[in-house]
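Chemist: What follows is each chain in one-letter form.
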Amino acid sequence: MPEEKSSKSANPAPKNIKQIDPTNLGITWTDGHESVYKVRHLRESCPCANCIDEWTGVKRLDPNSIPENIRPTKLHSVGLYAIQFSWSDGHDTGLYSHDLMRKLCQCIECQ
Amino acid sequence: MSDQELQVNIIAELKTVIDPDLHKDIVSLGFVKNMEVKDGNVKFQVELTTPACPVKEQLKTECETKVSAVKGVKSVDVEMTAEVRAAEHSQPILTNVKNIIAVASGKGGVGKSTVSVNLAMALQMSGAKVGLMDADIYGPSIPKMLGIPITPPKGGADNKFFPHEQYGLKVVSAAFLQKEGVPLMLRGPMLGGIIQQFLQNVEWGELDYLVIDLPPGTGDVQLTLTQRAPISGAVVVTTPQEVSLIDAEKGVRMFESVKVPLLGIVENMSYFICDGCDKKHHIFKSGGGNALAEKFKIPFLTDIPLVSAVVEGGDKGVPIIMADPSSPATKAYTKLAGQVASQLSIIHADKDKPASTFELNWEG
Ligand SMILES: Nc1ncnc2c1ncn2[C@@H]1O[C@H](COP(=O)(O)OP(=O)(O)OP(=O)(O)O)[C@@H](O)[C@H]1O
Ligand SMILES: [Mg+2]
Numbered sequence: 001m002p003e004e005k006s007s008k009s010a011n012p013a014p015k016n017i018k019q020i021d022p023t024n025l026g027i028t029w030t031d032g033h034e035s036v037y038k039v040r041h042l043r044e045s046c047p048c049a050n051c052i053d054e055w056t057g058v059k060r061l062d063p064n065s066i067p068e069n070i071r072p073t074k075l076h077s078v079g080l081y082a083i084q085f086s087w088s089d090g091h092d093t094g095l096y097s098h099d100l101m102r103k104l105c106q107c108i109e110c111q
Numbered sequence: 112m113s114d115q116e117l118q119v120n121i122i123a124e125l126k127t128v129i130d131p132d133l134h135k136d137i138v139s140l141g142f143v144k145n146m147e148v149k150d151g152n153v154k155f156q157v158e159l160t161t162p163a164c165p166v167k168e169q170l171k172t173e174c175e176t177k178v179s180a181v182k183g184v185k186s187v188d189v190e191m192t193a194e195v196r197a198a199e200h201s202q203p204i205l206t207n208v209k210n211i212i213a214v215a216s217g218k219g220g221v222g223k224s225t226v227s228v229n230l231a232m233a234l235q236m237s238g239a240k241v242g243l244m245d246a247d248i249y250g251p252s253i254p255k256m257l258g259i260p261i262t263p264p265k266g267g268a269d270n271k272f273f274p275h276e277q278y279g280l281k282v283v284s285a286a287f288l289q290k291e292g293v294p295l296m297l298r299g300p301m302l303g304g305i306i307q308q309f310l311q312n313v314e315w316g317e318l319d320y321l322v323i324d325l326p327p328g329t330g331d332v333q334l335t336l337t338q339r340a341p342i343s344g345a346v347v348v349t350t351p352q353e354v355s356l357i358d359a360e361k362g363v364r365m366f367e368s369v370k371v372p373l374l375g376i377v378e379n380m381s382y383f384i385c386d387g388c389d390k391k392h393h394i395f396k397s398g399g400g401n402a403l404a405e406k407f408k409i410p411f412l413t414d415i416p417l418v419s420a421v422v423e424g425g426d427k428g429v430p431i432i433m434a435d436p437s438s439p440a441t442k443a444y445t446k447l448a449g450q451v452a453s454q455l456s457i458i459h460a461d462k463d464k465p466a467s468t469f470e471l472n473w474e475g
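Order-wise, the sequence lines are chains P and U.
The first sequence begins at 1 in the numbering used here and counts up by one.
The second sequence begins at 112 in the numbering used here and counts up by one.
If you're looking for bench data, these hints aren't it; they were derived computationally from the structure.
There's no promise every hint is true.
[As the list claims (entries may be wrong)] Below, simulated DSSO-like cross-link-like pairs (lysine-lysine); rule was C-alpha separation at most 30 Å, straight line:
1. P:Lys-103 to U:Lys-408
2. P:Lys-38 to U:Lys-370
3. U:Lys-370 to P:Lys-18
4. P:Lys-15 to U:Lys-370
5. U:Lys-149 to U:Lys-177
6. U:Lys-408 to U:Lys-391
7. P:Lys-103 to U:Lys-406
8. P:Lys-15 to U:Lys-408
[Claimed, not checked] For each label pair, taking beta carbons as the anchor points, the in silico distance ranges come out as:
9. P:Ala-49 to U:Asn-401: 39 to 45 Å
10. P:Ala-49 to U:Gln-156: 33 to 39 Å
11. U:Ser-397 to P:Lys-18: 46 to 52 Å
12. P:Glu-34 to U:Gln-156: 48 to 54 Å
13. U:Ala-268 to P:Gly-90: 45 to 51 Å
14. P:His-33 to U:Lys-427: 52 to 58 Å
C-beta: ideal position from N, C-alpha, C; glycine also.
Please build the complete structure, drawing on both the sequences and the hints.
Modeler: The following block contains the structure:
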């Protein structure tokens, strides 16, 4: 076929997602970047309508209300664009788009 | 020269045959299978990633010519076969379906269902196992286009049901779930319920390709389906008119937002071929589909002419691709199928492809 174009989209997507230890999640991206996330930081950054005001974008979640020993219980992909987390505090309404996950990366290069 | 030495030389020669889609030689790709060399008589198979490969004949000729030219070869027998590669996904639905192709359009009436039917038929006619899901639950039109009488689907175990079969295609449609406008299987269900049924409860068996005819537009049903079904790639159909192109762009953006790979754009009713001459008459401003493809850096798959026999085929229940093999529309649909199959093969070959669906249970 003559077309040289690729149907890949330009934004990187997670290629491998794994638990590193009880409090850290690791993602290897399609562009080779390696991210390590503190799970507490992810819980604090939940983008759902309960945690962020839909209209103003202001954070409604008080980080102090999150239990000290917060952990995910389970995470799974939603379609090809996002990750959904279930948390040990029972919260499970947050859909973390791949773009958001990438923005949340706290490595020196990204921050 | 011994047959063994000869085989080494033949393999070396086959390493110069490049798959134009995957940009690699057919030996490294593992396509060359079951080679036998006996007294200079050579026999082998080339296993492609789709029976709808548009360059199948070209590759076959190249293999024959190159191997024949190797010193010591007396005869060459190349058999072209195909094993469709499966898109990886771990969602517990549609597990026996290797590739799911969504056909979408922003605007209604642009020929999406006609494209879905003829694309599915073209893939089937190439030798693949193909299913067709009429997800246009507001206005199901696939059964009519394929001449399938409206009868309730045959039920199976655990609430499952079997697709209808016609012309070698397996078909599900909301049209089958009702009789005289009254839903048979689902009483007062929401539309989302039907979609869920289609995704979870159909006994497809093994399929190489499942084509989904989405309802027109970019509303909730479309979004739900594109999020829930593990779609391997999407085809967006447009006509050359500005109003259609604007809506097609919305369709492209919808797939981008949920990260479904875009296989490309089809421009339907692109030009007119009258009975008197072979000339292409561009009735509308042409090239809009191509421009859209370029804007989003996705492939332009093909344009399809406006042919009155396409309408007749749809009305009579015999798709043009079966009714008239020589029609320019048939050629366009066949080309489309080849392009779609190639794009899917390219996606599967992409080593940097993202993790497909996954589930992770946190320990500790
Ligand atoms: N290439 C073509 N040449 C001529 N007529 C065509 C062509 N493609 C489609 N048509 C006709 O245009 C009409 C609309 O096509 P079709 O039903 O496939 O569109 P659609 O996008 O699925 O519409 P809807 O939005 O209602 O689902 C039909 O009568 C069909 O036969
Ligand atoms: Mg339709």
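Chemist: Given the hint that P:Lys-15 pairs with U:Lys-408, test it: the Cα-Cα distance must not exceed 30 Å.
Modeler: holds, 22 Å
Chemist: Within 30 Å, alpha carbon to alpha carbon, are U:Lys-149 and U:Lys-177?
Modeler: holds, 18 Å
Chemist: Taking 30 Å as the top limit, are the C-alpha atoms of P:Lys-103 and U:Lys-406 close enough?
Modeler: This hinted pair holds, its Cα atoms lying about 26 Å apart.
Chemist: Does the Cβ pair P:Ala-49, U:Asn-401 satisfy 39 to 45 Å?
Modeler: Hint holds: Cβ distance 41 Å, inside 39 to 45 Å.
Chemist: If I claimed the Cβ atoms of P:Glu-34 and U:Gln-156 lie 48 to 54 Å apart, would that claim hold in this structure?
Modeler: violated, 41 Å
Chemist: Is P:Lys-38 close enough to U:Lys-370, meaning Cα to Cα at most 30 Å?
Modeler: holds, 25 Å
Chemist: Within a Cα-Cα threshold of 30 Å, do U:Lys-408 and U:Lys-391 meet the stated pairing?
Modeler: holds, 27 Å
Chemist: Honestly, do P:His-33 and U:Lys-427 meet the 52 to 58 Å range at C-beta?
Modeler: holds, 55 Å
Chemist: Keeping to a limit of 30 Å between CA atoms, is the pair of P:Lys-15 and U:Lys-370 held or broken?
Modeler: holds, 13 Å
Chemist: Between U:Ala-268 and P:Gly-90, is the Cβ distance one that fits in 45 to 51 Å?
Modeler: violated, 36 Å
Chemist: Starting from U:Lys-370, check that the Cα of P:Lys-18 is at most 30 Å away, please.
Modeler: holds, 21 Å
Chemist: Check whether the Cα positions of P:Lys-103 and U:Lys-408 lie no farther apart than 30 Å.
Modeler: Answer holds: P:Lys-103 to U:Lys-408 is near 24 Å, not above 30 Å.
In summary, the structure is inconsistent with hints 10, 12 and 13 from the numbered list given earlier, while agreeing with the others.
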